[in-house]
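Engineer: These protein sequence lines are chains A and B, in that order. So the first sequence is numbered by my numbering: it starts at 1 and just counts up by one. So the second sequence is numbered by my numbering: it starts at 1 and just counts up by one.
The set of hints was computed from the structure by calculation and includes no laboratory data. Backbone N, C-alpha and C fix where the C-beta goes; we use that ideal spot for every residue, glycine too. Just to be clear, a hint being listed does not mean it is correct.
[Unchecked claim] In silico DMTMM-like cross-links for lysine to aspartate or glutamate, where the CA-CA straight-line distance does not exceed 25 Å: (1) B:K27 / A:E474; (2) A:K93 / A:D63; (3) A:K477 / B:E23; (4) A:K289 / A:D301.
[Said to hold, decoys possible] Calculated Cβ distances over 10 Å to all of chain A for the following chain B residues: (5) T39; (6) K42; (7) A45; (8) E50; (9) N60; (10) Q64; (11) P68; (12) D71; (13) I78; (14) Y86; (15) K102; (16) A114; (17) K115; (18) R118.
Each chain, letter by letter, is given below.
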Amino acid sequence: MQQQTAVRADGEALVHQVDELTALYRLTNHLYRARSLHDIHDAALEAILGTLGCSRASLLLFDEAGVMQFVGWRGLSDSYRAAVKGHSPWNPKTVDPDPIFIGDIDLADEPEWLKARIKAEGIRALAFIPLIVQGALIGKFMTYYDRSHAFAPHEIDLAVTIARQIGFALERAGAEQARRAAEAELRESEERFRLMSENAPVMIWMSHPDGSCLHLNRMLRAFWKVEEEQLATFDWQRTLHPEDAPEIARLMTEAIAAQANVRLKGRYLNAEGRYRVLETNAQPRFSPKGEYLGMIGVNVDITEREQTERELRDSEERFRLAVEAAPSGMIMADAEGRIVMVNAQAAKLFGYGRGELVGQPVDLLVPPRYQQGHPQHRANYHRYPAARPMGDGRELFARRKDGTEMPVEISLSSMKTAKGIMTLAAVVDIGSRKRADAQRELLLAELNHRVKNTLAVVQGIARQTFRASNASSEARKAFEGRLFALSVAHSLLTRSNWEDASLEQLATDTLKVGIPNQARVALSGPPVVLPPKEAVAIVLALHELCTNAVKYGALSNDTGRIDLGWSRSDDEHPRLKLVWREHGGPLVSPPEHRGFGSFLLERTLAQDLDGSVTAEFRPEGLVCSIDAPLPNQSGSPR
Amino acid sequence: MSVVAGKRILVVEDEALIAAMVEDMLKDLGAVVVGPASTIEKGLALAGSEAIDVALLDVNVRDQRIDPVADVLRGRGIPMLFATGYGSNIFADKRTCSWIDKPYTQETLASALAKVLRPTG
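All chains, full assembly: derive it from the sequences and hints.
Structural biologist: So this is what it looks like as structure tokens:
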């Protein structure tokens, strides 16, 4: 019997337990499906009523002010709720409170008015079950009984289990609400971004995940002249220059696939039908949860910048071509003396491959015996980097790759570049020119030798002739004098490669031939150079004047003097005016017969000089004036 | 009386008319002419064998330099005067070589020879 009772009791307990588990399952199921807080509250209350054997229940949560508020209830009057509102054994800071079970309100340690109000509602027993989310108290649920109630341990466990389920459901609902709020905020911030970007002075865009157009700001819409309503169908890639389109499409596709930053440059047709170069910096957009949303980018119109850069490149290219085409070897070096550029001629000149020279120190091209001083020379040049020949008149030598040397001429110039001050050296191998110069000098010396030898031969013939004809030694000397004057002119002209000779030098050397004491002749005049024919004519004339002066004129006594002065007019057709003025000699009377001297002066000279010659035999001395045109180019002083 | 008078002077000159004139000038000055030699070979023979006080040498003899003759004379310590139309540039050492520019007068020749014979004077 006793055993039967026990079995029946076990059976009842079993049935009860199955009911409780069913209610818990339903609670879990309802909570899982709950779409709103309200759903959660309903499900919670239903589960409480169905499992904890109470007739009434309520759910309360702290509001933002920390006051416990009813959020759901069953079987409570409005007045009761209003009366007990805010009354709670716990506040939000209460840590891990235990549930409170009151089996009989009369025995509870509560204020009398509260007990009276509770009883007035028909409640005799009640329980407070705390709701805890992530360790924090958020509220409670209450169970109410019409009669006094003995709370069994399993009832207590069940209440706590239900409280955990409700807490978890509320937590989930809270998170979901926060997420929605965040989404709303994101929508709002995107809206703000659109508003901000709309009037930004750069071109800003956003794309859908597939790269199609989502948003263009005002500037970018104006660029393409596309209305906001057309954005959904606008295909920006169609405005790309055909040459740029494949590359841009490829890079953009790659960036989208990799969800990576990308930088693009391309030509886009604007609304005015012109291609503009846009530089794009784009990066992927992500939602707060890390979901890829598309790209966002900024376009900058760099057409003018590109133009400037291209012009710079063009001018650099022109410079490079000019250097390349230069007939000299051109070498450019930086401030540290490193070669940064050479033209083909330079490489050929020095026997290097072009690649071998760039990056090398220029000292490589300097013969070892000059290398030590070269850095100092370079430093000096950098201090005064004017365009000038290198070496300050010294003979320069350069070293080829095979170690051989060559005489060179080097012109330096400097230029400011983006990479600092560069020195440009134009190198010319003057070896062949030097050899040609030497050859020409040799030939000139040979010519001079032959002319002089011929004059000596003429002198020999004359000597034999004079001797055979018993002519006076005076006649022989007169002849020899003229011959030597001719020789003087030839010597001087040879020195200048038969280009011209200085009048002063011609006069000085001629006087040496014909006058024993040259101190009695005063020369004065500006530097004047004469071409060969005029030089020879003047020398012969001066020689005749000297001979005459020694024989009859100012130099035939001990006191006479001669002033030899000349001037040149500086107009377009310069003329030489030369005056030979004797004074202090014996009294002069005009000669009775005209000798070779007069003939030479008045006929030959006038004709050779294409000018006029006058000889005045004044009593105080002979005055001979020569007036002749000078070639324009020979007027410069030497 | 000229310093040159009585001196034995070797003349090497390939141009016959010039040689004749030089001989004439030197005789006028009272000197004794050795030669004149018109080739390097003849000049060498005389330079090596004759008694010579001073030599008057054309620098270029039939397109050959006078140097071999000058070497022999230098070896014998005989002073030399070079006659040239080239100017002084052809001499390796201008200070130790005396030279006279062609053409020259008898007077110039006399004073140039005198200087060579009395180098300290």
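Engineer: A separate judgement is required for each hint: does it hold in the structure or not?
Structural biologist: Quick rundown of the hints versus the structure:
1. B:K27 / A:E474: With Cα atoms ~19 Å apart, B:K27 and A:E474 stay inside 25 Å; holds.
2. A:K93 / A:D63: holds (13 Å)
3. A:K477 / B:E23: Between A:K477 and B:E23 the Cα gap is close to 18 Å, so the pair holds against 25 Å.
4. A:K289 / A:D301: violated (34 Å)
5. T39: Per Cβ check, B:T39 is outside 10 Å of chain A; nearest 16 Å; holds.
6. K42: Its Cβ never comes within 10 Å of chain A, the nearest being 19 Å, so this holds.
7. A45: Label holds. Min Cβ-Cβ 24 Å, cutoff 10 Å.
8. E50: holds (24 Å)
9. N60: violated (7 Å)
10. Q64: Answer for B:Q64: holds, closest chain A Cβ roughly 14 Å.
11. P68: holds (19 Å)
12. D71: holds (22 Å)
13. I78: B:I78 clear of chain A: closest Cβ-Cβ about 24 Å, beyond 10 Å.
14. Y86: About 5 Å separates B:Y86 from the closest Cβ of chain A, which leaves it inside 10 Å; violated.
15. K102: violated (4 Å)
16. A114: holds (17 Å)
17. K115: holds (17 Å)
18. R118: holds (22 Å)
Hints 4, 9, 14 and 15 from the earlier list are contradicted by this structure; the remaining hints agree with it.
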